[in-house]
Every structure is written in structure tokens, then in C-alpha cells.
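Construct all of the structure, not just a fragment, from the sequences and the given hints.
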Amino acid sequence: MAKRIQFSTVGGPEVLEYVDFEPEAPGPQAVVVRNKAIGLNFIDTYYRSGLYPAPSLPSGLGAEGAGVVEAVGAEVTRFKVG
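Reminder that position 70 of the sequence shown reads as 70 in this note's numbering, one-by-one numbering, no gaps.
I should point out that these hints are in silico values taken from the structure, not numbers from a laboratory. Just so you know, these numbers come straight off a predicted model, no measurement behind them. Just so you know, not all the hints are guaranteed correct.
Taking lysine-lysine pairs in the DSS-like style, the calculated list, with each CA pair at most 27 Å apart, reads [to be verified]:
| id | residue 1 | residue 2 |
| --- | --- | --- |
| 1 | 3 | 80 |
| 2 | 80 | 36 |
| 3 | 3 | 36 |
Taking CB as the label site, the calculated pair distances span [stated by the list, open to error]:
| id | residue 1 | residue 2 | range |
| --- | --- | --- | --- |
| 4 | 12 | 77 | 41 to 51 Å |
| 5 | 42 | 18 | 13 to 23 Å |
| 6 | 75 | 9 | 16 to 26 Å |
Built from N, CA and C at the ideal position, the CB exists for glycine as well.
Below you can see the structure in the form of C-alpha cells.
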């Protein structure tokens with residue numbers, strides 16, 4: 001189980017929720033990263049406020065991050081767990 005900050009509807013900071021979620025298994029060419037740090041940028045506030053349409057709802061914050069690889073897809077060759 002992991003945690004994330006997400007919003008299910010657009011609005012001010014009051015629409016943000018701190019929730020549990022289960023990360024999906026990676027696809028064949030994807031990796032799962034346990035973030036240790038994320039970057040919040042203006043685009044995150046634009047999505048949350050509705051100025052720009054979010055890719056999907058609910059939507060998490062932080063499109064930039066740094067962390068540890070937890071799982072790799074079957075076709076991934078450049079990254080390893082850990």
C-alpha cells in the first residue's frame with residue numbers, strides 16, 4: 001500500500017486528498033518507482049484548479065520525481081530493482 005496526494009474534482013487546495021492506493025504492476029516496458037522526492041510545478045496547480053484539463057481523474061500531483069526502482073516490466077533492460 002502506498003500514499004499519494006490526489007484530487008477527484010477541480011478547485012482550490014481544499015480538493016486535495018491524502019489517500020492510500022495500490023500501485024499497478026508495470027507494463028512490459030515500464031518501471032515502478034517508490035518516490036523519495038517529487039517536484040511540484042505550475043502545471044500541477046493548473047490541473048488542480050481546472051485551468052488545464054487533467055489527463056484523468058482522480059489525478060495525483062508531481063510529474064517529476066526521484067526514488068528507488070521497485071519493479072520492472074518484462075522487456076526492461078536498462079533498469080534493475082533497487
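Against the structure, the hints:
For the hint pairing residue 3 with residue 80, the CA-to-CA distance comes to about 23 Å; that is within 27 Å, so the pair holds. At most 27 Å may separate the alpha-carbon atoms for a hinted pair to count; residue 80 and residue 36 meet this at roughly 17 Å. Between residue 3 and residue 36, the direct Cα distance comes to roughly 12 Å. Compliance with the 27 Å bound is thereby established for this hinted pair. Our hint of 41 to 51 Å for residue 12 and residue 77 holds, since their Cβ atoms are close to 44 Å apart.
Between residue 42 and residue 18 the beta carbons are some 22 Å apart, a value that agrees with the proposed interval 13 to 23 Å. Checking the proposed 16 to 26 Å range against residue 75 and residue 9 shows it is violated: the Cβ atoms sit about 36 Å from each other.
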